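Engineer: Letter by letter, the chains look like this.
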Amino acid sequence: MEIGKDLTAAAATPIVLAILAEGDSYGYAILQRVRELSGGHLEWTDGMLYPVLHRLERLELVEARWEVAESGRRRRYYRITARGRARLAEEHRQWQAVDDTLRTLWRTVSPPDSAGRSRAGGLRPRRA
Amino acid sequence: MTTRNGATSLEGQISQWREYLRRRQALQPVDVAELEDHLREQVASLTDAGLTEDEAFLVAVKRMGELDALSREFAREHSERLWKQLVVVAPSGPGEPGTQAHRDAAVAFGLAAAAAVAIKVPTLFGLHLDGDAGFYARNLSLFVLPLLTAYFVWKRRLGGSTVVWLALAFVAAALFANVYPFTEGGSTQALTALHLPIALWLVVGVAYAGGRWSLVTGRMDFVRFSGELAIYYVLIALGGGVLMAFIALIFQAIGVDAEPSFETWLLPCGAVAAFIVAAWLVEAKQSVIENMAPVLTRLFTPLFAAALLVFLVTLVWTGRGVDVERDVLIAFDLLLVVVLGLLLYSVSARDPQAPPGVFDVLQVVLVVSALLADAVALWAIGARITEFGFTPNRVAALGENIVLLVNLMWSAVLSVGFLRGRVPFTRLEKWQTDYLPVYAAWAAAVVVAFPPLFDFI
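Quick mapping for you: the protein sequence lines, in order, are chains A and B.
Sequence positions in the first sequence follow our numbering and run 1 to 128.
Sequence positions in the second sequence follow our numbering and run 1001 to 1457.
Do not take every clue at face value.
Said to hold, decoys possible - Here are the in silico distance ranges between beta carbons for each label pair:
#	chain 1	residue 1	chain 2	residue 2	range
1	A	R74	B	P1302	47 to 57 Å
2	B	E1019	A	G40	31 to 41 Å
3	B	L1194	A	R74	52 to 62 Å
4	B	P1302	A	D24	56 to 66 Å
5	B	Q1016	A	E67	53 to 63 Å
6	A	R73	B	A1248	54 to 64 Å
7	A	V68	B	H1102	23 to 33 Å
8	A	V98	B	Q1353	52 to 62 Å
9	A	D24	B	A1044	49 to 59 Å
Unchecked claim - Sample of chain B residues with no beta-carbon within 10 Å of chain A, all distances over it, derived:
#	residue
10	N1178
11	A1190
12	R1212
13	G1218
14	M1292
15	L1303
16	W1379
17	D1434
Read the hints as simulated data drawn from the structure, not as lab findings.
Computed from a prediction, not measured in an experiment: that's the story for all the values here.
Note that beta-carbon positions come from the ideal geometry of N, C-alpha and C, so glycine has one too.
With the hints as constraints, model all of the structure from the sequences given.
Structural biologist: Written out as structure tokens, the structure reads:
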């Protein structure tokens, strides 16, 4: 199963903010964490994370700094800001609401088959 | 393959990839550095997992995603980057040292200040702008161009003998501009004032090209530089005009008349300093901002071609002869200069490999119609030149006309050959750049020979 493009995009902000809420991190490590947590279902193209991080930085939800990593290379670390935490809480409430709604619905409709014909939640089947 | 070789090939691949990324407009050096760190991390973890470095690199690049999509995302996030910004003095971000840009700017502004001071130095010796207009007119280029040349000598790190030749050219120019006993307000003085900058512009060109003057590309770069400089100078001058109007207005409000200081200080100092600043800006923005001259060329070539065609048709239709007034030759000289400029700047921006297109046809139409119009004018003037007598202005205008005519005629021949697929485009480029010294030679001849020939009138 692969999660659709729109849903991936929508989930990007809360996921990145939540990972940064665990502690400061950098691009590669954030992606590793996403892979690990989603069990590989949430596949981001690596490069695409960076425009997302830059957008969050512009919105002052995260702040970035350059540091020299243990490898000796310069690395850009991101830290969540107070505004970012507030936004994360807000995202949490919203996703919770969506989740609650869907949970109720899942009980009344038949479960989606393996071909993924269900359109709920923006999940779209992807042509191989 | 040994580990060492593997390491160098990985570094090579990464640096290639980095260069490839840098060419993307939406990606800035900081982003590239960030992405590179990511790539290296990915490669390291993949090689730890047992892949060879080559394989790891390929997988890592693949995972990074399609570059077009990536730079689109970056562009969406940083839309301002699509508007190429001229970062005059770049903040020294990671990876990119901004020191060279700082030094360039410091030297350029220093020279601009020097030019501003230089134009005021003659006042110390009792030569004032209003009283000695002739002196200033003859020497104007000598207040600016040596300093501009010095900038390029510094920037291109030109060596001893070149510098000596450049200096000698300026010394000679200063001599010819000042030793002749010109009649104040006479035509030979005006001719010197007009032609000296043209001759000296070649000297600037030699310094600009910095050893590449003998190459077509070196001279073509100088042509591009000249066009952009002209446009920048006009823009700065417009800004300066607004500034002066503003100053005049606010000082008027407190009952102080600021205008007298304009003529003696702001205008002359600003005009010479702006020239050097404009030259520096053109150099600084060279690869950052689209060249304007070719864009204007594209816009105006069809319009000028249409205007000339209409003129020729009207000429034939009405059967009117060219009214040989005093300045008609100069008008036609200017026409040829404009047509030549249009030709030159479209040549400068054209991909030599591209096949002939509609625009090339338009260009031939433009050149041929300009030649026809000029031929009509020359015919009319030639018929009556003895009647008018050979004044310096008329001879100079006639000489210029011939110089331009020769260039355009051969350009027309080459362009037609190019349209018919018989002549490679590079031939036209070479002809144009080879011809550049001819203008300077004619201008120098006017400066050196005309005053004594015509008794300094």
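Engineer: Each hint needs a verdict: does it hold in this structure or not?
Structural biologist: Right, here's what the structure says about each hint:
1. Evaluation of the 47 to 57 Å hint for A/R74 and B/P1302 yields a pass: the beta carbon distance comes to about 52 Å.
2. With their beta carbons about 33 Å apart, B/E1019 and A/G40 fall inside the hinted range of 31 to 41 Å.
3. As the Cβ distance of B/L1194 to A/R74 is approximately 56 Å, the hint placing it in 52 to 62 Å holds.
4. Between B/P1302 and A/D24 the CB atoms are about 59 Å apart, so this pair conforms to the stated range of 56 to 66 Å.
5. Hint check: B/Q1016 to A/E67, Cβ distance near 27 Å, so the stated range 53 to 63 Å is violated.
6. Between A/R73 and B/A1248, the C-beta spacing of about 57 Å keeps the proposed range 54 to 64 Å intact.
7. Distance hint for A/V68 and B/H1102: a CB-CB separation of about 24 Å, consistent with the stated range 23 to 33 Å.
8. Evaluation of the 52 to 62 Å hint for A/V98 and B/Q1353 yields a pass: the beta carbon distance comes to about 56 Å.
9. As the Cβ distance of A/D24 to B/A1044 is approximately 21 Å, the hint placing it in 49 to 59 Å is violated.
10. With a closest Cβ-Cβ approach of about 58 Å to chain A, B/N1178 is found to remain outside the 10 Å limit, as its non-interface label requires.
11. Residue-level check passed: B/A1190 sits 59 Å from the nearest beta carbon of chain A, beyond 10 Å.
12. Non-interface call for B/R1212 relative to chain A: holds, since the shortest CB-CB distance, roughly 37 Å, exceeds 10 Å.
13. Against the 10 Å criterion, B/G1218 stays outside the reach of chain A, whose nearest CB is about 38 Å from its own CB.
14. The beta carbon of B/M1292 is kept farther than 10 Å from every beta carbon of chain A, the shortest such distance being approximately 31 Å.
15. Distance to chain A confirms B/L1303 as a non-interface residue, since its nearest Cβ pair spans about 43 Å, more than 10 Å.
16. Non-interface call for B/W1379 relative to chain A: holds, since the shortest CB-CB distance, roughly 66 Å, exceeds 10 Å.
17. With a minimum CB-CB distance of about 48 Å to chain A, B/D1434 clears the 10 Å threshold, and the non-interface call stands.
The structure fails to meet hints 5, 9 from the earlier list, while all remaining hints are met.
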